[in-house]
Every structure is written in C-alpha cells, then in structure tokens.
Amino acid sequence: MTDTVYGPVTDWATDFDHGAPEYNNNIHQIWDDLKAAGCPIAHTERYGGVWLPLTHDLVKEIAYDPTHFSSLTPVVQQLKPSEVLKEDPEALGAPIGPVPPISSDPPFHADARRILLPAFSPKMIDPWRTEVEEICNKLIDDMGDVNMIDAAVQYTQHIPVLVVAQMVGLPLADADRFRGWVDMVLGGIGAERTEERMAQFMAMDEYLTKHIEDHIENPRDDLTTYLLNSEIFGEKLSPRHVFGTILLLIIAGIDTTWSGIGSSLWHLASNAVDRRRLVENPQMIPAAVEEFLRAYAPVTMARMVTEDMEFHGVQMKKEDRVLLPFPAANRDENQFANPAEVVIDREENRHAAFGLGIHRCIGSNLARLEMNVAIEVFLKRFPDFELDTTEQVTWSTGQVRGPRNLPFRINARA
Amino acid sequence: MRVHVDPSKCQGHNRCYALAPELFDVDDLGNAFELNDGVVPAALEDKARLALANCPEFAIIIEE
Numbered sequence: 001m002t003d004t005v006y007g008p009v010t011d012w013a014t015d016f017d018h019g020a021p022e023y024n025n026n027i028h029q030i031w032d033d034l035k036a037a038g039c040p041i042a043h044t045e046r047y048g049g050v051w052l053p054l055t056h057d058l059v060k061e062i063a064y065d066p067t068h069f070s071s072l073t074p075v076v077q078q079l080k081p082s083e084v085l086k087e088d089p090e091a092l093g094a095p096i097g098p099v100p101p102i103s104s105d106p107p108f109h110a111d112a113r114r115i116l117l118p119a120f121s122p123k124m125i126d127p128w129r130t131e132v133e134e135i136c137n138k139l140i141d142d143m144g145d146v147n148m149i150d151a152a153v154q155y156t157q158h159i160p161v162l163v164v165a166q167m168v169g170l171p172l173a174d175a176d177r178f179r180g181w182v183d184m185v186l187g188g189i190g191a192e193r194t195e196e197r198m199a200q201f202m203a204m205d206e207y208l209t210k211h212i213e214d215h216i217e218n219p220r221d222d223l224t225t226y227l228l229n230s231e232i233f234g235e236k237l238s239p240r241h242v243f244g245t246i247l248l249l250i251i252a253g254i255d256t257t258w259s260g261i262g263s264s265l266w267h268l269a270s271n272a273v274d275r276r277r278l279v280e281n282p283q284m285i286p287a288a289v290e291e292f293l294r295a296y297a298p299v300t301m302a303r304m305v306t307e308d309m310e311f312h313g314v315q316m317k318k319e320d321r322v323l324l325p326f327p328a329a330n331r332d333e334n335q336f337a338n339p340a341e342v343v344i345d346r347e348e349n350r351h352a353a354f355g356l357g358i359h360r361c362i363g364s365n366l367a368r369l370e371m372n373v374a375i376e377v378f379l380k381r382f383p384d385f386e387l388d389t390t391e392q393v394t395w396s397t398g399q400v401r402g403p404r405n406l407p408f409r410i411n412a413r414a
Numbered sequence: 415m416r417v418h419v420d421p422s423k424c425q426g427h428n429r430c431y432a433l434a435p436e437l438f439d440v441d442d443l444g445n446a447f448e449l450n451d452g453v454v455p456a457a458l459e460d461k462a463r464l465a466l467a468n469c470p471e472f473a474i475i476i477e478e
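Same order as they appear, the protein sequences are chains S and R.
Just so we're aligned, residue 1 is where the first sequence starts under my numbering, counting upward by one.
Just so we're aligned, residue 415 is where the second sequence starts under my numbering, counting upward by one.
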C-alpha cells in the first residue's frame, strides 16, 4: 500500500489522511472506530490542516452555513488557497473560485448556478435515456462471449465520460485522456507534486483552452457554446469562468458517476439475493439505486473556514479546510434505521449523496439516469454474475470513492 | 390531506417529482412545487408520505 507525501497515518483521530489508499479501503471501519472513541470531528495537520466531521447534523450544519464555510476549495489538496494564488495570481479567488459554481459562494453562486440549472433539469435530462441505453448495450456487445470481465474497466468507467463528452462537445475519441486527467486531479491529492504531474496539468489546461477557442470560432449545439453565449450581471461569462465550468463538468461528471455505478454493481456481484430480486423485479431498480447512493455515496466535498472560530468544541482557524463526508452522514444511526445494512427497498431514505443545501449536485438527475440505466442494462444482459474473489478489488483514492476494477464471473447472459 | 413544498428549503433534489409525479412538478430550474393547490386524493396519501420521507432537505410539509 502506498503512502502519501505525508507518510503513514499514526492515528486516525488526530492525523488522518483522506488521500491515503488505506482511508478509502477501510472507510466504514475508520468512521465507526472514530465514533466509538467519542470523536465526532477528527483532525489532521496534513494538507495544511483539515477537519473531518462525521455526523449528519454536523455535515448539514456546515453545508447550510456558507458564511463561515466557503466553497472555494471543493477538493482538499496540499496547497492552501492563499498558496495557490501565490503560484498562479490569475487563479480565481472567492467568491467565484477556480471551478464555478461549485467553488463559488453567495451571492455570486446563485447567479452562476442559475445559468447551468436549466440544462440539468429533469425534463432536459430524461431524453438522454436512449443515448445512455445505447452506450451501455454497446459496451456489453464489445465484451464478446467471455466468462470473465472487468466491469470497471470494460463498463462503468466508460459510461459517464461518453455522456459528458457529448454534452460538452468534446471529441469522444479523447475520452481516455479526460479520464486520466480526472484521476490525476482527484486521485492524486496526496501524491508528490512532481514536474511530470505539473506537465499533465498544463496539458489539460492547453487542451481545454483550445477546445473553448474552437467553440468561439465554430459555435455548435452543446454546453460549451451555451456557456460562451451565457451572461452574468449583463455581461458575457469571462473565458476563465467558462474554462472553470467546463473543467468542473468533466471532473465532477465522470469519476463520481463511474464510482456510483461501480459500487452498485460490486454490491450486486457480492449479494446474490439482492441481484435476483432486481432481475426478477426491475421496477425495484430506482429505489435500489437510492439505497446504493446512500450506502456507497461516492462523493465527499470540502469547505474552507473563513474566520477563526469555535465549532462544537474544536478551535478552527481561518483557511483550515473541512471535509464534508456525505457518505458518513448517510450512515448516521440518528438519521437512518440500520445504517450499515443495505436494504434495497428502504422506504424512508433522505440520503445526502448529492449534498445538502445550495450546492446540491447540479448533475444529480443525469447521475441518477446513468446509474439506473447502467444497472438495468447490465442485469438484463447478465442476469447472473458474481465477484471473482481470487482477485483484489482496488478502491480509488481521494474524495471520490469507487471500485477501480471489478473482476466478475458471468454465469448467465441474455 | 394537503402537501406543500417549502421553496426556501427545496434545492431541486427531484425526489418528490420522481416518486409522486401526480402530486409534484418541477420548474425549468428543477425546483419542485405541489400540483392542484396541494390537495392529495385519498388514493395518493401513501405517495405523499413517501415523498416526504425521501426529501433530503426536509422541504415537504403535509397537513392532515
């Protein structure tokens, strides 16, 4: 197991590392141990100082308080925001942030978000169903007649990237490159900041800048052109704003949904009873997806403390970061009955997989559609499959958690 | 029974519209509102309760 630049974790209550592979591999055990030890808010000096609240109440309180908890840094990396600005004086600071609107604070946030909301409303997203079904079926066709597959490498990882590329108007042939960049941005938070890594960031910057310039010259019917034509406060969005939003759609739209689909299939490959129930009763899939979202929520967000303050007994300092582990909130026994148990027909399910408050995931309708269709198609084509337990499943590192390989044995196909 | 979506709490999670489209709709931004002045026919009371039990922002109010 590889450590981050900070070395091995000595104690999860006072020295946690959310970028270490060990964290995502043992995440439920780590949270349970912390809570059992009476530690509702863990802390680390790593990454410039980070807090980790674990209960639904605390996560909700922070998500609802953008005044004390800014969204400027949705991903907790090694550099603090002030250090990022020193390295790149052109980087967008508060209240816009580098990737608006996820990195924006009120009042700017609402206006930046309103531009995007109509494109992701349920009635605009629903018509994508046929497209997603075709993508999923083709991926399965491409697997051929083999009995052993890697459902992550051959299925889950491709679905969101193909959908997002079409929406944003990027060449589908470059899908692998985007996925590589996303993995670098999200998965490599604890990796050494080598020159090679920096060069990859530059390549991503150049690629997206070219993509935007091309859309300025040749407008087309996609989200990039839509953003370039959009206005905020009576003026066109700045090129930096458009760049940041495109980057956001790629980063937030790919790894997250891929992880959500992957964790769901991992569960079904390990639980024959649940798999059979869904094969026999496909109308139960939407409720099951909500339960997978609760139990295996992929995304942890983050906030930045705006001023020195006391918060539920801990002393937070300005520019400290606070992780918002919605997946931990989803397993709070004060909010959910039997939270550790996956109940695919759970009736009461106020899970926070897509966040709480003003930053609710703008792509939630698309993510839900992709998860529902991906599971529906997979179960239809492979009504019987199981996890090959001779191989290890690797989980991603960082704030988005999902399986990166899924060794499945296919026992029946239709 | 009557249902109401508190617009100051709704963040567009779209759970109520997905679970009970007979009782709720969403606007162009994806935010929910109740249909038919919130009046719930007896046959749909369970659906109204289901929507309430699945709203992450606790934005749905039921009056019985």
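Worth flagging that the hints you see were computed from the coordinates, not collected in a lab.
It cannot be assumed that every hint is accurate.
As the list claims (entries may be wrong) - Below 30 Å or equal to it, Euclidean Cα-Cα: the simulated DSS-like pairs (lysine-lysine) are: (1) R:K423 to S:K380; (2) S:K123 to S:K138; (3) R:K423 to S:K318; (4) S:K35 to S:K236; (5) S:K236 to S:K123; (6) S:K123 to S:K318; (7) S:K317 to S:K86; (8) S:K86 to S:K123; (9) S:K123 to R:K423; (10) R:K461 to S:K317; (11) S:K380 to S:K138; (12) S:K80 to S:K318.
As the list claims (entries may be wrong) - One side only, chain R facing chain S, incomplete, derived with CB under 8 Å: (13) Q425; (14) G426; (15) H427; (16) N428; (17) D442; (18) L443; (19) F447; (20) L449; (21) G452; (22) C469.
The C-beta atom is built at its ideal place from N, Cα and C for all residues, glycine as well.
Hint check results:
The suggested pairing of K423 of chain R with K380 of chain S is violated, with an alpha-carbon distance near 38 Å, which exceeds 30 Å. Restraint check: the Cα-Cα separation between K123 of chain S and K138 of chain S comes to about 25 Å, which is no more than 30 Å; the hinted pair holds. Proximity of K423 of chain R to K318 of chain S is assessed by CA-CA distance (about 28 Å); at most 30 Å being required, the pair is judged to hold. Between K35 of chain S and K236 of chain S the CA atoms are separated by roughly 48 Å; this puts the pair beyond 30 Å, and the hint is violated.
Among the hinted pairs, K236 of chain S with K123 of chain S is consistent with the structure: their alpha-carbon atoms are about 26 Å apart, no more than 30 Å. At roughly 41 Å between alpha-carbon atoms, K123 of chain S and K318 of chain S are farther apart than 30 Å, so this suggested pair is violated. Our distance criterion of 30 Å between C-alpha atoms is met by K317 of chain S and K86 of chain S, whose separation comes to about 20 Å. Annotation: proposed proximity of K86 of chain S to K123 of chain S is violated, straight-line Cα distance about 43 Å (limit 30 Å).
Taking the CA atoms of K123 of chain S and K423 of chain R, the gap is near 21 Å; set against the 30 Å cutoff, the hint holds. Of the pairs offered as hints, the one joining K461 of chain R and K317 of chain S is violated, with about 46 Å between alpha carbons and a cut-off of 30 Å exceeded. Using a Cα cut-off of 30 Å, the hinted pair K380 of chain S and K138 of chain S holds, with the two alpha carbons roughly 13 Å apart. Restraint check for K80 of chain S and K318 of chain S: satisfied, since their Cα atoms lie roughly 11 Å apart, inside the 30 Å limit.
A distance limit of 8 Å between C-beta atoms decides the matter here; for Q425 of chain R the minimum to chain S is near 4 Å, and the interface restraint holds. With a cut of 8 Å, the hint placing G426 of chain R at the interface with chain S holds, because the nearest CB-to-CB distance is about 6 Å. At about 6 Å, the closest approach between the beta carbon of H427 of chain R and any beta carbon in chain S falls short of 8 Å, and the interface hint on this residue holds. The interface hint given for N428 of chain R holds, since its Cβ lies 5 Å from the closest Cβ of chain S, which is under the 8 Å cut-off.
Evaluation of the D442 of chain R hint against chain S yields a held restraint, the C-beta minimum of about 5 Å falling below 8 Å. At a threshold of 8 Å, the smallest CB-CB gap from L443 of chain R to chain S is about 4 Å, leaving the interface hint in force. Checking F447 of chain R against chain S by beta carbon gives a least distance of about 13 Å; that is not within 8 Å, so the hint is violated. The beta carbon of L449 of chain R comes no nearer than 15 Å to any beta carbon in chain S, farther than 8 Å, and the hint placing it at the interface is violated.
Because the beta carbon of G452 of chain R sits about 20 Å from the nearest beta carbon in chain S, more than 8 Å, this interface hint is broken. Evaluation of the C469 of chain R hint against chain S yields a held restraint, the C-beta minimum of about 6 Å falling below 8 Å.
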